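S.K.: Please take these sequences and the hints and turn them into a complete structure.
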Amino acid sequence: MADRNTFRLMLLILGLIFAFLYLPISVLVGLSFNEGGLPTAWTGFSVKWYGELLANKDILRAAGNTLIVAVFSTLLSTILGSLLAVGVEIRRRNGKWLETMIFAPMIIPDIVLAIALLSFFSLLGVKMGLHTIIVSHVVFNLAFVSAVVRARLKSFDWSIVEASNDLGATTATTMRRVVLPVLMPAILAGALLAFTLSVDEFIIAFFTAGAGRSSITLPMQIFSMIRFGVTPEINALATVVMAVSVVALALSQRLNRGGLPGQ
Amino acid sequence: MTGPMTTDRRPMLLMSPALLWLFGLMVVPCLLILVLAFFRRGMYGGIEYTFTLENIALVFDPLYAQIFLKSAWIAGLAAGIASILGYAAAYAIAAMPRHRQSALLFFAVLPFWSNYLVRTYAWIVLLNREGLIVNLARWIGFEGELPSMLYTEQAVVIGLVYNYLPFVILSCYAPLSRLNPEISEASRDLGASGWTTFRRVVLPMTVPGIATGFVFVFVLSIGNFVTPALLGGGQFQMIGNLVYAQFLTANDWPFGAALSMVLIMVMLGLLMAQATVADRASGGKAGDNG
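Line by line, the protein sequences give chains A and B. Okay, so the first sequence: first residue is 1 according to my numbering, each after it adds one. Okay, so the second sequence: first residue is 1 according to my numbering, each after it adds one.
Keep in mind that the hints were calculated from the coordinates and are not lab data. The reader is advised that the hints may include incorrect statements.
Said to hold, decoys possible - Okay, the calculated bits of chain A under chain B, using three or more residues with CB under 8 Å as the criterion:
no., segment
1, 81 to 94
2, 98 to 108
3, 114 to 125
4, 130 to 142
5, 176 to 189
6, 220 to 229
7, 234 to 246
Owing to the predicted nature of the structure, the values given are computational and were not obtained by experimental measurement. Beta carbons: idealized from backbone N, C-alpha and C, even for Gly.
M.R.: Here it is as structure tokens:
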């Protein structure tokens with residue numbers, strides 16, 4: 001009897017926590033489809049606020065910038081991160097310093113990296129813009145990609161590499177024909193994760209974008225819009241941004257799980 | 001074919017582009033901050049390359065030390081509340097049937113992956129003067145002037161808890177799910193009540209998970225500048241906003257660097273303490289009551 005009550009209590013706790021986690025964003029999503037746009041009254045379902053988004057030049061340009069930043073930083077960090085992961089796992093015995101350096105970008109607070117990069121670029125006299133955001137995003141992205149790929153390599157059967165070598169394949173061929181196909185799901189999952197992180201990243205982009213409005217990214221645009229208050233347009237934009245990250249993340253999870261049979 | 005020389009060199013070759021990237025764009029810039037903190041501010045906001053301890057001293061000036069304490073208080077509050085809620089959630093998930101647990105965990109963490117600004121903005125929608133909560137209160141029949149909930153300290157704490165709660169759920173779930181149910185059963189068989197079993201057996205064994213969650217929320221909160229800027233309005237500053245201002249508006253980089261340096265020290269100290277707790281817990285001293 002006591003156990004049953006405990007179980008009910010647990011269900012209640014879960015219900016409350018999930019409500020706390022999901023109610024705020026659900027309200028946001030709901031309001032973005034409200035014709036009147038106000039939280040005071042529901043005046044009917046409408047996608048007109050999404051139409052407004054498409055007519056807003058600032059938002060479109062910011063979205064374009066975000067896409068450029070995300071695509072290039074994803075490409076770079078996927079290559080660097082995957083190579084890093086393979087190297088680290090072949091080498092196996094890595095010093096504590098090396099492990100810390102690879103792990104650091106994932107836990108270092110954004111604001112610290114942001115001001116460090118800002119000081120660095122301006123002392124070097126680098127003109128800042130989308131390119132500085134891209135190289136800065138690669139710093140943390142490559143760490144995430146390498147973490148995902150390394151996880152896959154932990155269960156990698158290295159004897160197939162030896163077999164390939166014994167059969168006369170060169171190292172390059174072995175990499176291309178044996179290692180790469182096995183790692184591909186993890187590499188793609190890592191790339192998708194990097195893409196999401198880059199699309200969502202605000203603080204580092206904010207600090208390394210330089211002056212002027214030409215290199216504003218979507219999160220920067222959202223930040224400046226939010227400061228002026230609640231509008232139905234932001235609700236719609238927020239819903240779109242949220243949907244993109246959730247879809248990319250779900251895809252990434254799926255890729256990483258469904259690899260080769262037996263893994 | 002694969003001599004010791006080649007096996008040692010090739011992995012290094014694969015790793016070097018990424019390591020160079022991290023060295024050039026993470027290690028060097030972070031060291032630069034440390035160096036910058038000891039220089040003087042130039043006349044027109046630039047940097048004068050003479051050694052000084054003034055910036056560090058200024059951090060401990062009551063005016064700024066107070067902001068540090070305030071930030072630590074808010075971060076501590078957020079971390080404390082998040083730890084309690086997160087632990088309760090993780091405990092409840094671990095009490096569910098095994099085959100449902102991973103799905104529950106996935107959905108508990110999912111909001112964590114959506115945009116931070118959006119999640120914070122959601123609270124502006126709820127808390128603002130014409131927001132949902134005020135409307136709900138009016139609808140229920142509450143009349144008269146409602147106190148503004150947005151742009152308060154509480155709003156900032158709620159925002160931080162909301163944003164980082166999934167993190168604590170994850171860190172608490174790990175030790176809770178590894179817990180052997182037979183240990184709790186043994187405790188009950190020996191006559192302990194459910195509450196005593198929880199307090200004396202389950203809780204001590206899962207403290208490292210709480211410690212990890214608490215420290216991470218604290219570290220992420222104390223340096224935060226987005227949440228105070230959006231949910232706190234201009235009402236009060238946290239250390240992150242102060243750092244932000246030094247770099248982007250006040251143009252006192254050496255002082256900004258000094259502030260960051262102290263902030264990094266606090267964070268590193270806490271992370272190291274947390275690592276020690278985790279180490280000691282996994283060192284097989286679970287039965288140690290001292």
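S.K.: Of all the hints given earlier, name the ones this structure violates by number, lowest first.
M.R.: 5
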